[in-house]
Structure formats: structure tokens, C-alpha cells
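Undergrad: The primary structure of each chain is shown beneath.
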Amino acid sequence: MGKLHLEVVTPEKVMVSQDVDIVVAPGSLGEFGILEGHVPFLSGIVPGELRYTSDSQTERLVVTTGFAEVSENRVSVLVDAAERAAEIDVERARRALERAKERLARQREVGDVDFLRAEAALKRAIVRIRVAEKKT
Amino acid sequence: MATLRDILRKIGAVKKTRQITRAMNMVAAAKLRGAQTRMEGFEPYARKFSEVLGNLASRIEPDVHPLLVKQDSVARVELLHFTGDRGLCGSFNMNLITRGEKWAKEQEANGISVSLTTVGKKGMDYFRKRNYNLTESHVNLYGNVDISFINQMTNSFIGRYLSGEVGEVYMMYSHFVSMAKQEPTLVKLIPVEPPKAEPSEEASGGGAEYLCEPDPEGLLIELLPKHISVQIYNAFLQNETCEHAARMAAMDNASKNCNELVDSLTLVYNKARQAAITAELMDIVGGAEALKG
Chain A
1 MGKLHLEVVT PEKVMVSQDV DIVVAPGSLG EFGILEGHVP FLSGIVPGEL
51 RYTSDSQTER LVVTTGFAEV SENRVSVLVD AAERAAEIDV ERARRALERA
101 KERLARQREV GDVDFLRAEA ALKRAIVRIR VAEKKT
Chain B
1 MATLRDILRK IGAVKKTRQI TRAMNMVAAA KLRGAQTRME GFEPYARKFS
51 EVLGNLASRI EPDVHPLLVK QDSVARVELL HFTGDRGLCG SFNMNLITRG
101 EKWAKEQEAN GISVSLTTVG KKGMDYFRKR NYNLTESHVN LYGNVDISFI
151 NQMTNSFIGR YLSGEVGEVY MMYSHFVSMA KQEPTLVKLI PVEPPKAEPS
201 EEASGGGAEY LCEPDPEGLL IELLPKHISV QIYNAFLQNE TCEHAARMAA
251 MDNASKNCNE LVDSLTLVYN KARQAAITAE LMDIVGGAEA LKG
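First to last, the sequence lines map onto chains A and B. Taken in order, the first sequence gives residues 1 to 136; the numbers are from our numbering. Taken in order, the second sequence gives residues 1 to 293; the numbers are from our numbering.
In isolation and in its complexed conformation, chain A is listed as follows (with noise of 0.2 Å):
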């Protein structure tokens, strides 16, 4: 099977750049498979678990909003943030769904910016847990 090159690239640095045989990621109108030899391919990306094999050896990420451009064999994936499955901390997630739950709770009314990005936490929390537990 031929190759393709993934990049997965966050403000902070580029989190992984390497050939790999499929790409499976969250697009906003829902998963979606890259193999190599794809047409050339926009699509925004939604909170959720990314995916990639390489030599049968799957590594899994969590991704937060953001998109992904294919052409010519090469994968970018551009997003606000990006971590490994293996690398969250559950109990560190976990709070961070508390709090957001919490401040959900109490500004339901307002409807302000913070209620967005209490909403945004949450979300992201959520699929942080999600895909943590998968891999147990």
C-alpha cells in the first residue's frame, strides 16, 4: 500500500509530521478516510480523535476545531490543539469537565462569551475522556 505524508501542525509546534498508510479524522460533516491517492480535499475538522496507521501500528490524537487540507499525497491537519491518547491525563480532563459543567450551570441565562467557551471546555473535555478510556 503506498504512503502518504500526515502532518498535524498546532500554534505551538508541529506535533507529527511522518508517512503513514490512512488517515482517519473528524470532519464537520463527520468522519472521514484519506488513503493515498486522494483528490485534493478541504474540510474543516470538529473536536474529536484522529487517527493514523503506520506500518499496522495505529496512534490515535485528540484534535480540537480546526481543518485539514489534502493534495498530492500530503495531509495537513491544522488545529487549535492537538495531544496524544496516550498522554492525557484522565484525572486532569476530568476537572476540567467538572468546571465547565459548573459555569454551564450557572450562566445558562446570560448567554455571553463565557458561556461559549465554557461550552468549548466542555466539549473538549468530553472527547478527551472518550478517547483516553478507549485505549484501556
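Read the hints as simulated data drawn from the structure, not as lab findings.
Not close to chain A: a few residues of chain B, all C-beta gaps over 10 Å, as computed:
| hint | residue |
| --- | --- |
| 1 | A30 |
| 2 | K121 |
| 3 | L134 |
When the alpha-carbon atoms are kept at most 35 Å apart in a straight line, the in silico DSBU-like pairs for lysine-lysine are as follows:
| hint | chain 1 | residue 1 | chain 2 | residue 2 |
| --- | --- | --- | --- | --- |
| 4 | B | K226 | A | K101 |
| 5 | A | K13 | B | K226 |
| 6 | B | K31 | A | K13 |
| 7 | A | K123 | B | K48 |
| 8 | B | K105 | B | K196 |
| 9 | B | K181 | B | K16 |
| 10 | B | K48 | A | K13 |
| 11 | A | K3 | A | K13 |
| 12 | A | K3 | B | K196 |
| 13 | B | K181 | A | K13 |
| 14 | A | K134 | B | K226 |
| 15 | B | K48 | A | K134 |
| 16 | A | K123 | A | K13 |
| 17 | B | K181 | B | K48 |
| 18 | A | K123 | B | K31 |
All of these numbers come straight from a predicted model, not from anything done at the bench. C-beta atoms are modelled at their ideal positions from N, C-alpha and C, and glycine is treated no differently.
Could you slot chain B onto chain A? The hints should help.
TA: Just chain B now, with coordinates in the frame of chain A:
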């Protein structure tokens, strides 16, 4: 012999100042390394981003999104102005402030009112004192900016733009050219002028014909606010790096000046000491002569 002791005290004081400026130099150097790594780490993201956006925007009608549309008459503009939080970094803050003020005066001369959003304590103090219209002021942000905060900032700009409160949004920050050179730079944030797609890149592969999910317009709506955030984030990192570089240079200069001062003061001290000894000798000799006589 009060003068001798005075000089000695002065030398001590200058040496202590030198200690401080040296320490600040080293701290600035360490922080500069951190800031520079962050700046370089962000570069691939920013490059890829403008590549994709340029590509996308080149195939879309420019009036598809209100953020792309120029307004006919602008009565009010907003400037996002960056400075440092602290002083002791040479002319860094003042350069930014004078450029910013000059620009604001120009706008006002053209009948456009200006409101400011400042980042950094120095700018805030300056503009507040002179009764400029400050929309928001942020201090103590450098070193731990995260993208979600920037997104929030972007959203408030976009909100003010879409509601017609401001007609254009600009940003002024210090661009990091090299260790020795930092340049205040003015960038137009809104309306967005998408980066030009580079024709050399993948022109042969027909790279422009993307399959888009959701449609190109939908993607662009997601990407445009992000583009603004990316620019602001970049400004943050650049400005931070510049501040540390400027401080390092300023402190290096200060340490050098301290060295010179210590040298010249030591010379004065030695001369005074020698003069005192000579005078004393003359006294003794004179006394001995008098006894003999």
C-alpha cells in the same frame, strides 16, 4: 578626605547597578529564547494557513462574506496596539507608541475617529493619560497567550465590525526582523485581504481544485475569523520576542556604560589618592626641614 570616600561610594553604586543590568540582560536572553522558539514553532502553522486560505479565497467571489467586503465610507476605525508591559527596554515601547499616535492623528485629520484596543501596560498608560478612546486594555498577557483568548478577542472585533460600530480594524505591533532590528508594523485586519495564492506551488497538479466539505463558502466562513486570530497570535509572539530582544540590547548597553563609568571613576579615585599621598609627603618633608632649620 571626604572626596576619596565619595568616589569609592560612587564606584560601589555603579557596580551594583551593573550587577542588576547584567542580571536583567541574562533574564531577557533566557526569555528571548523561549519567545523565539514559540515564534518559530508557530511559523509552519501560519504559513500553511495562509496558503490554504489564499487558495480558497482565489476561487470565491469576494462579496460572499461580510468580512471580505470593503465599506464605502468609514467613520470610525479601531487600532489594536501592542506594547510591552514593562520598561527598561530602550526605545522599544516609545517607537510603537509614537508610530501609533502619529497614525491616529492622521486618521483624525481625515475626519475618522479612532478607538484603541491596547495590549501591554505601557501603551495603556500612555493613551489613557492622553484621553484616547480605549475600547479594551489587556495587560500581563505575554508569555502565556493561548489561542482561545485570541479567538475571543477576534470575536469581539468581528462583532464590532459587523454591527457597524467600526469600519476598519488595524493592528500595530513590532515585527521581529533580527536581534538588532525591530520594526513597528501596521497591518489591516478587517476587512480581510486574503493572502495571494502562490502560483508556483502545486500549479501543475491543479491543486486549486479542492473537494470541499462543507462547501467552499461554509469553509471560508470558518476560516476567516481564524485567519484574523492567526494574525493576532503572530503579532503577540513577534512583539514578545522583540521586547526581549530590545531589552537585551538595552541592558547590554547599560552594562557597557557601567563598565566605562567604573573605569573612569577608578582613574579619578587613583589620581585623588596619589594627590593625597603627595600632599602628605610634602607636609612631612616640610615639617622635617623646619625642625632642622
